[in-house]
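Heads up: the protein sequence lines correspond to chains A and B, in order.
1 is the number of the first residue of the first sequence in the working numbering; add one for each residue after it.
447 is the number of the first residue of the second sequence in the working numbering; add one for each residue after it.
It is possible that some hints are incorrect.
[Unchecked claim] Below 30 Å or equal to it, Euclidean Cα-Cα: the simulated DSSO-like pairs (lysine-lysine) are:
| # | chain 1 | residue 1 | chain 2 | residue 2 |
| --- | --- | --- | --- | --- |
| 1 | A | Lys408 | B | Lys487 |
| 2 | B | Lys603 | A | Lys189 |
| 3 | A | Lys167 | A | Lys408 |
| 4 | A | Lys326 | A | Lys308 |
| 5 | A | Lys201 | A | Lys185 |
| 6 | B | Lys603 | A | Lys185 |
| 7 | B | Lys603 | A | Lys404 |
| 8 | A | Lys185 | A | Lys137 |
| 9 | A | Lys363 | A | Lys265 |
| 10 | A | Lys134 | A | Lys95 |
| 11 | A | Lys308 | A | Lys361 |
| 12 | B | Lys603 | B | Lys530 |
| 13 | B | Lys487 | A | Lys185 |
| 14 | B | Lys527 | B | Lys603 |
| 15 | A | Lys167 | A | Lys105 |
Treat the hints as calculated values from the structure; they're not laboratory data.
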Amino acid sequence: MILRYLTILLILLPIKVFAVIEVDITRGNLNPLPIAVSPLSIDEESRKSFKKVLNKENIGSEISIVVENNLKQSGLFNPLNKDAFLQNPDIANLKPRFEDWNLIKAQVLITGKVSFVDENLRVEFRLWDVLAGKEMKALAFTTVPSNWRRVGHIITDKVYETLTGEKGYFDTRIIYVAEEGPKTKRIKKLAIMDQDGFNNKFLTLGNELVLTPRFNPTNQMVTYLSYFRNLPRVYLLDIETGLQEVVGDFPGMTFAPRFSPDGKKIIMSFAEGGNSDIYTMDLENRIVERITNHPSIDTSPSYSPDGKYICFNSDRSGYQQIYIMKSNGKNVKRISFGNGLYGTPVWSPRGDLIAFTKLHKGKFYIGVMRTDGTGERLLTENYYQEAPSWSPNGRVLIFYRETKTDSKGEGFSAKLWSIDLTGYNERLVETETDASDPSWSSLLSN
Amino acid sequence: MNLSKILKNGFMVLAACLVLTACAVQKKSTGQMQGDVYTGKDSVEYLASGVPDRVFFATNETVLTTASRDTLRKQAAWLRKNSKVNVVLEGHADERGTREYNLALGERRANSAKDYLMTYGISSSRISVLSYGKERPVDSGSNPLAWSKNRRSVTVKAN
């Protein structure tokens with residue numbers, strides 16, 4: 001009992017004593033921070049200019065809606081209803097009347113201004129601590145008008161960073177597999193969208209089966225599996241130019257690709273004669289290296305962020321389990337020992353955790369464990385779900401979930417979902433079509 | 447609760463577990479499944495009269511059942527007679543596994559069929575292998591019978 005009071009005190013103390021707003025992202029956040037996102041103010045001339053270019057009535061409001069949605073989706077913030085705002089956006093940006101914002105229980109206020117300058121979009125925004133009555137952050141930047149949604153994401157990243165002390169994950173994209181058609185004849189295409197589901201774009205036509213796209217953590221290249229000409233092989237795709245190429249010259253199926261953290265290698269499985277082992281290929285000198293050599297299935301490799309270790313999936317114990325080894329394939333060690341089968345290990349960008357899929361008693365779980373296998377925590381349970389991918393700050397996982405069909409074999413769907421590392425804030429990530437195999441990009445801007 | 451009570455309850459749970467496991471291990475023949483291997487005819491096609499095109503597997507397994515070996519011997523006999531025909535063995539898994547592991551599993555299943563055909567005199571140059579993992583189920587159901595039909599290796603004429 002005493003201990004419990006102590007922890008509560010410790011959490012409360014910094015806020016009471018120093019009046020600094022801190023959002024704790026290490027716990028499930030049941031009391032999201034009340035935040036007021038004042039629409040970015042805009043002068044009449046700029047408003048008209050942007051309307052002409054972007055066909056949006058008021059781009060200032062539109063950007064603030066992007067910010068508001070991001071904050072809400074994070075589960076850490078509670079954006080307040082704009083109808084209750086007393087102060088006009090332009091005045092608020094100059095000097096907020098903190099009593100007014102305090103009155104509607106806002107603890108933090110975002111204000112800003114957009115203007116049309118030399119055909120460009122100029123944005124300034126300010127983040128205010130309402131209780132302390134002071135500015136916490138101010139920033140201005142200029143970009144092309146078509147980037148207006150990204151402006152909203154960048155503002156959110158700055159707000160998130162200021163209030164949580166960690167980098168955000170909003171100015172990012174998700175690459176995934178878009179799915180259509182009946183379950184027995186699924187048509188699959190590579191697709192990419194902003195983290196919030198906007199700006200969706202299909203990258204392949206659906207003529208061949210494509211699976212498991214993954215981002216290069218250092219740039220906007222992608223590696224994936226394609227059944228082009230019925231030869232399942234790992235490909236490399238430049239999403240800016242659309243150029244693609246086969247990775248390596250293997251006499252059989254290559255699959256389960258991922259980039260090394262420096263983006264210079266691809267690690268993947270190669271199957272031959274009923275046996276799958278793990279290989280790497282250096283993208284500069286094209287040298288192929290065999291990493292595992294074992295008669296069991298070795299697949300789903302993923303590097304640690306420092307590139308020194310690899311976690312992977314193997315059934316060498318008789319069933320699917322998670323193993324780690326040095327990046328040269330030495331010191332193989334099993335780390336999953338709980339009940340059930342374990343698959344799709346993926347190392348957190350922070351280095352401390354491995355996310356996985358677990359099958360136990362007919363249910364599928366997404367979970368995390370420490371890199372030595374201790375501290376297993378299951379975040380979500382469902383009929384079928386797998387393939388977690390980390391947000392670049394290592395706080396959120398995105399994965400896909402499939403539904404059970406009815407007695408006629410109908411009602412199948414596949415959707416993307418996200419969940420916080422805390423196990424709270426599970427959310428459907430809306431997509432135009434059914435979707436699977438998501439992979440989160442790194443931050444586009446830094 | 448005293449210690450003896452706790453122990454007694456513990457034993458009852460243990461006994462219940464044992465009964466349950468015994469049921470699970472026992473191979474039940476439901477008419478269409480032996481254990482959890484599909485034995486029915488639904489979805490089966492024929493390379494020629496009396497030569498079924500596919501064999502089925504137990505969950506997470508790649509070993510051939512007696513019935514599968516019988517089917518593959520028929521395929522081998524037919525392939526020996528039709529020496530110009532090449533085949534692709536398409537390996538599949540059910541939907542109850544992670545995508546990447548299933549790709550490997552499908553490849554392993556197709557290869558166990560390939561190995562068996564080779565022991566009956568079919569040259570490896572006539573057989574190629576293609577794993578679809580769980581990407582091409584024949585039955586879209588979410589039940590053990592549907593899954594048993596989907597765990598398969600299908601011999602498809604390549605020319």
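Hints, one by one, checked against the model:
1. The hinted pair formed by Lys408 of chain A and Lys487 of chain B meets the criterion: a straight-line CA distance of about 19 Å does not exceed 30 Å.
2. Our distance criterion of 30 Å between C-alpha atoms is met by Lys603 of chain B and Lys189 of chain A, whose separation comes to about 28 Å.
3. A hinted pair counts as satisfied when its Cα atoms are at most 30 Å apart, and Lys167 of chain A with Lys408 of chain A does not qualify at roughly 47 Å.
4. With a C-alpha separation of about 6 Å, the suggested pairing of Lys326 of chain A with Lys308 of chain A holds against the 30 Å cut-off.
5. Straight-line distance between C-alpha atoms of Lys201 of chain A and Lys185 of chain A comes to about 22 Å, which keeps the hinted pair within the 30 Å bound.
6. Proposed proximity of Lys603 of chain B and Lys185 of chain A is supported: the alpha carbons are some 20 Å apart, at most 30 Å.
7. For the proposed pair Lys603 of chain B and Lys404 of chain A, the alpha carbon gap of about 33 Å is over 30 Å, so the pair is violated.
8. Our distance criterion of 30 Å between C-alpha atoms is broken by Lys185 of chain A and Lys137 of chain A, whose separation comes to about 52 Å.
9. At roughly 35 Å between alpha-carbon atoms, Lys363 of chain A and Lys265 of chain A are farther apart than 30 Å, so this suggested pair is violated.
10. Simply put, Lys134 of chain A and Lys95 of chain A have alpha-carbon atoms about 10 Å apart, close enough for the 30 Å limit, and the pair holds.
11. Distance restraint check for Lys308 of chain A and Lys361 of chain A: the Cα-Cα separation of roughly 34 Å exceeds the 30 Å cut-off, and the hinted pair is therefore not satisfied.
12. For the hint pairing Lys603 of chain B with Lys530 of chain B, the CA-to-CA distance comes to about 10 Å; that is within 30 Å, so the pair holds.
13. With a C-alpha separation of about 21 Å, the suggested pair Lys487 of chain B and Lys185 of chain A falls inside the 30 Å cut-off, and the hint holds.
14. Distance check on the hinted pair: Lys527 of chain B and Lys603 of chain B sit about 14 Å apart at the alpha-carbon level, within 30 Å; holds.
15. For a cut-off of 30 Å, the pair hint linking Lys167 of chain A to Lys105 of chain A stands: about 26 Å separates their Cα positions.
In the structure shown, a violation is registered for the earlier hints numbered 3, 7, 8, 9 and 11, in ascending order.
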